[in-house]
Every structure is written in C-alpha cells, then in structure tokens.
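Chemist: Construct the entire structure; sequences and hints are all you get.
In the order they appear, the protein sequences are chains A and B. Going by the working numbering, 240 is the number at position 254 of the first sequence; the sequence numbering is gapless. Going by the working numbering, 793 is the number at position 77 of the second sequence; the sequence numbering is gapless.
There may be inaccurate statements among the hints.
Quick list of in silico lysine-lysine cross-link-like pairs, DSS-like style, CA-CA up to 27 Å [said to hold, decoys possible]:
| no. | chain 1 | residue 1 | chain 2 | residue 2 |
| --- | --- | --- | --- | --- |
| 1 | A | 82 | A | 158 |
| 2 | A | 82 | A | 145 |
| 3 | A | 27 | B | 1057 |
| 4 | A | 122 | B | 793 |
| 5 | A | -5 | B | 1057 |
| 6 | A | 155 | A | 51 |
| 7 | A | 165 | A | 68 |
| 8 | A | 96 | A | 122 |
| 9 | A | 145 | A | 161 |
| 10 | A | 27 | B | 774 |
| 11 | B | 797 | A | 122 |
| 12 | A | 68 | A | 163 |
| 13 | A | 122 | B | 774 |
| 14 | A | 145 | A | 158 |
| 15 | A | 68 | A | 51 |
One side of the interface only, derived from the structure: several residues of chain B facing chain A at Cβ under 8 Å [what the hints assert, rightly or not]:
| no. | residue |
| --- | --- |
| 16 | 752 |
| 17 | 753 |
| 18 | 941 |
| 19 | 963 |
| 20 | 1038 |
| 21 | 1041 |
| 22 | 1042 |
| 23 | 1045 |
Distance windows between CB atoms, simulated [claimed, not checked]:
| no. | chain 1 | residue 1 | chain 2 | residue 2 | range |
| --- | --- | --- | --- | --- | --- |
| 24 | A | -11 | B | 803 | 34 to 40 Å |
| 25 | A | -7 | B | 1017 | 38 to 44 Å |
| 26 | B | 792 | A | 121 | 21 to 27 Å |
Calculated from the structure, these hints are not laboratory results. Being a predicted model, the structure only gives us computed values, none of them experimental. We treat Cβ as the ideally placed atom computed from N, Cα and C, and that holds for glycine.
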Amino acid sequence: MSYFGDIAKAVSTISTGMKITFAHFKNVGKNKGTFTTQYPKETLTAPAFSRQQLHNNIDDCIGCKKCAMACPVDCIDIVTVKAGADELSDCSDGTKRRLHLTVYDIDMAKCMFCGLCTYPCPTHCLTINDDHNFIKFERSELKYKFSAYSPEDVVRIEKEAAEREVIAKAEKAAKAKAKAEAAAKKKAAEVAKAKAEAEKVETAPEPEKTEPKAKTEPVAKTQVEQVVEVKKEEVKLPVAEAKENEAKAEEIKPTEDASKEANSDNETKES
Amino acid sequence: MDNIFLWIAITLGAMVGLVSVVGIVSIYLERKISAFMQDRLGPMEVGFGSLVNAIAGKEVLREGRIGLAQSLADGLKLLQKEDIIPDGADKFLFKLAPMIVFAGTFSTFAALPLAEYFIPADVNIGLFYILAISSFGVSGILMAGWSSNNKWGLLGSLRSTAQMVSYEIPVGVSLVSIVMLTGTLSMKGIVVAQEGWFWNWHLFGAVGHHGLIGFVLLPMMVINFIAYFIGSLAETNRAPFDIPEAESELVAGYHTEYTGMRFAIFFLAEYGAIFVGNAIAVALFLGGWYSGIPAIDQANIPGIAPLVFILKTFVLIFVVMWIRWTLPRLRVDQLMTLCWKYLIPFTLFTFFSVAIYKVFIV
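Modeler: Structure representation (structure tokens):
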C-alpha cells in the first residue's frame, strides 16, 4: 500500500537527513569541522599576486607622475617641488631624485585595484600587495598619505624652493644679459673679422693683379678680373649668412628662457 | 493573606526567571547547534569574560571564546531598539498581542511538574489546563497579524491559526491515551505513575501500572509519542512546520511589523512554548523528574529532580533544533495532509487500542 509506503519513505528519508546533519554536528572542532575564520584573530593569506593595497616606498619615488597618468580613476594625487642640488639622496637603484614629494596621496576608496599604476613606475617603488586588512570607519581615512614630509616641512621646502627660484631667476637674468653682451661682442667681432677678411680678399688679389700686368696680356687681364669678382662675391655671401643666423638665434633664445620660467612658476603655484 | 501574596510573588518571580533563563539558554543553543550543523562556529565573541572585563575596565578574565553571553547582549540590544508601531496598525491590539502570546506561554509554566516538591500549581486538571492555556496564544498570534495591517502578518497569522487548530486534535488525542492509563489529569499524578525503573515510563507501555503485560502497549505509546512530538512542533511553529513565519515567503509572518522588545517577547514566548511542549512530553512519556534508575532518585541529592527534568527537556529541545536545521519546510497542503491523513488516524487507532486494553485486558 502506498499509504504505509509513503510513511516508510518519509521515515527513511528523514533519518538519512538527520544522520547527515548529526555527522556535521559531531565534526565540530575537528580539522574538517568548521569553515569559519575568526577574522580579526586569524586571517587567511590572500592568493599570490592578488591586488589588495597600494604601497609607495616614498624614499625611492622620483615624482615622475607616471602612476597618476596611468590611473583610470585618478585616485593618485601628486604634488612636487623642485629640490636643490644634492638636497635629496639617490634612489636605491641609483636614479637621481630632483623633486620633493610634498603630496603623494592614494585614495583607496576610489581605487579599483587594477594595478595599472604599478607597471609604469620607473623605480619600482609603487607596488600593490596582498595586505587586505584596511578597514576604516570613515571614507576619508581611506586616503593614504605617503609623503614623508610634515606640513611644516612642506612649508619650509616650498619657501626654500621659492628663494632658490628667485636666485635662479636673477642668475638667469644676469646670464642672459652676459650672453646677450657676449653675443653682441661676438657679432661685432665677427662683423669686424668679416670686414677684415673682405678687405683681405680685396687686398690679396692685388699681387695677382700685378703678375698678369707684367705679362701684359689683355685677354688674361680680363680673365683675372673676372676671377676676382667671383671671389669677392664668394667671400661676401658667408658673412651675410652668419649675420642672419646670429640674429635668429638671439630672437629664439629669450623665448626659450621665458617658457622655462613659466613652467617652474606653474609648479610652485600647484604646491 | 500576607502569606498568599508572598507565595504568589515568589512563584511569579521564579517562573519569570525560569522562562527568561529557558529562553536565553534555548536561543543560545539554537544558534550554536545550527552553526555546528552548518559547519560554522556560531557566536564566539561575547562571553562572560569580556562582560566582566568591560565592567571592571581591565582584563580580569580571558575573553569569552564560546559566546556564552550572546543572548544577554542581544537582549540588551533589543531593549535599546526603537519601538515602532505602524501608522495603519490597530494600536491597541498591536500592543496587546505580544502580551497575550507571552501570557499564554507563561501561564503554562504554572502546572509544569519540575519536581514532586516544585509544582507552582498542582491542580487536578493540570494537563487540561496546559492544553487549554497554550492554545490561548493562538488568539495573540491572530491579533498580531491582524492588527499589523500587513499582508505578510495577516497571512502568517492565518496559517498559524489553521495549523494550530488542526494539530490540537492529534496532540489532544495522543495525550488522552495517557490520561486513560493513569486515570488522572494531574501532572503530578501522571509523573508519579512512572516511578522506578525507566521501563515504567509511558513511552514503553503501561508496565508501571500493570506489570509485564503493559509491554503490549509499547508500539501504541511510541506512535503516541511521535504523534505528540510532531504535533507539538507544529503547535510551536517550529520547522518543518514554520509556515506562519516562513521567512522566504512571508518575511517574518505575524511578527513582521514588530520591533525591539515587543519582538523579543514574541521570540521569548516561542522558545518558552518549545520548552513547555517538550516538558509535557517529558512529564507524560519520559518519566518526568525520575531519572529512570531508582537508586539516583532515592539518594535525596538536593535539586536532582528538577535538574533531571530540565535535562530531559533539553535533550528533546536538541532534537527539535536538529529537526529544524535538517528538514525543509512543508507546504500548507502537505501540512494539512500530515495532520488529517496520518496523525489523526494513527492517534485515534492508539486511543482505541489503549481503551480496549484498559477495558478488556487489564
């Protein structure tokens, strides 16, 4: 009868299920017993090459901003200030550091853990590691500041950089002035030289002229005169070209300096 | 008069304490057992160690490693929760419902025979009183679902009512067999009838009453016990009969709209009802406060009788939890099929068998 068959089936299936749960109940505390990790007290190691947290070894960072360029979500914020000569030590791989990193912030709340920022890093100072324990209570706390400088340091560094810049500007101006003077002198000297050469050229053919005179050959005379005229033209042309080149160079140089100054101004303003 | 009031106060205090302790311990056990059966650890952080340390302000005890104080912490948390009463609710009934549900459970504790010397009220209709009062909670559940003005709540309470009314029958009939054997409705009388060795328990027939011939009733009584156990599961809305609060269908059933302490009272009442249901099973089928070995009972160890009773009850509560975390929920029609097509015929069969035994054999 299916009525009692159903009862038998119910009893057997229920006992099977109860056996299974009791087996699990018995296994508590054994190795295969529980799968819970008591998280803050015991942690699992993340899989190898897992991307969890960005870390910047600030002593090796040269402030090239390649990581910030690579970041798809713009979570890396860098501000640099030019350093004085020999003010900073070299990186561990020997690369020269020329910039103070007054700000190097990574906002892990924005970070999408792609790891693309670590690839272009020339000194391999920016790494993404498997440390996944960075729980914070405020979103702002997820902004990791890697810069080694305190706010007072930053103020000092900026002040020093500004002073250096003023000095550099003055030096540059002086240099430019000296250069301009030197260029003018050179020009004058060259002009004089060219004149002298031209005179030389003009005077030099005279002995040649005398020789044909001695021969007194009218056909030859005319030939010599033609040669002299050609030579005059040849001498004059290079001098003119040199003059023109110098003028051009003087025009270009000041603009280059100006653009450089403008760049450095921008950098200081950012900081 | 003074004495009576004092006695009432002490009994009430003791019972409130018992209900609370039973609730807290049951909830802790439930969480731990469910965790172990699902390969988890359950509550691990809130132990009495951390509680003591928090009060002392320094490390006095080692941190609790098995979460013993978790239920206390949850109770404290629920006390601080906002008490929300929905705008559309019938506010009077909404506030009344948890009280009625809890009162229904709490009143049944009055007739529980924890020991020969520890029955708050040994009335001569004890069993009848318990069955009647424990069904009283249904009206509270119906009230909760209706007054919430919530479709989940109403559906849950309707299901609960249908289920409880149906399962009253097999539960009642299976208990009537015992009453026929013992000839009394007094809880004390029923337990005393099972004194001595464990084969005198009603689960193994009527040996305590009529000697070896009582073993004839063994299959009847086992069927009765199983029918009563299944029925009590359904009456206390436990899985696999938890369709009134089926969380995957009805959010939380009749207590969907309840928060804070009102919800906690429902919860406490539920676990109290489980305790009462299994305590009745222990008193009627498993020898009550008798340990099953006469030497232990006669040794006059203070407090052994209530301890044995509560221990037996908690063994059954473990089985209840074990069932909950094993079996899937029944459909409404399956629930009714189980009750009307299986339990009621079987309990009626045992009822008539016991009647025939009582009239013709003994």
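Chemist: With a cut-off of 8 Å on the beta carbons, see whether residue 1038 (chain B) makes it to chain A.
Modeler: holds (6 Å)
Chemist: Within 27 Å, alpha carbon to alpha carbon, are residue 27 (chain A) and residue 1057 (chain B)?
Modeler: violated (54 Å)
Chemist: Tell me if the interface restraint on residue 941 (chain B) is satisfied: Cβ within less than 8 Å of some Cβ in chain A.
Modeler: violated (14 Å)
Chemist: Under 8 Å is the threshold here; is the Cβ of residue 1041 (chain B) close enough to any Cβ of chain A for the hint to stand?
Modeler: This hint holds: residue 1041 (chain B) lies near chain A, its Cβ roughly 6 Å from the closest one there, short of 8 Å.
Chemist: Given the range 38 to 44 Å, decide if the beta-carbon distance of residue -7 (chain A) to residue 1017 (chain B) lies inside it.
Modeler: At roughly 43 Å between Cβ atoms, residue 1017 (chain B) and residue -7 (chain A) fall inside 38 to 44 Å, so the hint holds.
Chemist: Please verify whether residue 165 (chain A) and residue 68 (chain A) have alpha carbons no more than 27 Å apart.
Modeler: holds (25 Å)
Chemist: Please check whether residue -11 (chain A) and residue 803 (chain B) have a Cβ separation lying inside 34 to 40 Å.
Modeler: Given range 34 to 40 Å: violated, Cβ gap about 51 Å.
Chemist: Can you confirm whether the C-alpha distance between residue 68 (chain A) and residue 51 (chain A) stays at or below 27 Å?
Modeler: Between residue 68 (chain A) and residue 51 (chain A) the Cα gap is close to 14 Å, so the pair holds against 27 Å.
Chemist: For residue 145 (chain A) and residue 158 (chain A), compute the direct alpha-carbon distance and say whether it is at most 27 Å.
Modeler: holds (19 Å)
Chemist: When the nearest CB of chain A is found for residue 963 (chain B), is that gap smaller than 8 Å?
Modeler: With a closest approach of 19 Å, the residue 963 (chain B) hint is violated.
Chemist: Residue 122 (chain A) and residue 793 (chain B): Cα distance at most 27 Å?
Modeler: holds (24 Å)
Chemist: Tell me if the interface restraint on residue 1042 (chain B) is satisfied: Cβ within less than 8 Å of some Cβ in chain A.
Modeler: The hint holds - residue 1042 (chain B) has a Cβ within 8 Å of chain A, the shortest such distance being about 4 Å.
Consistency note: the structure conflicts with the earlier hints numbered 3, 18, 19, 23, 24.
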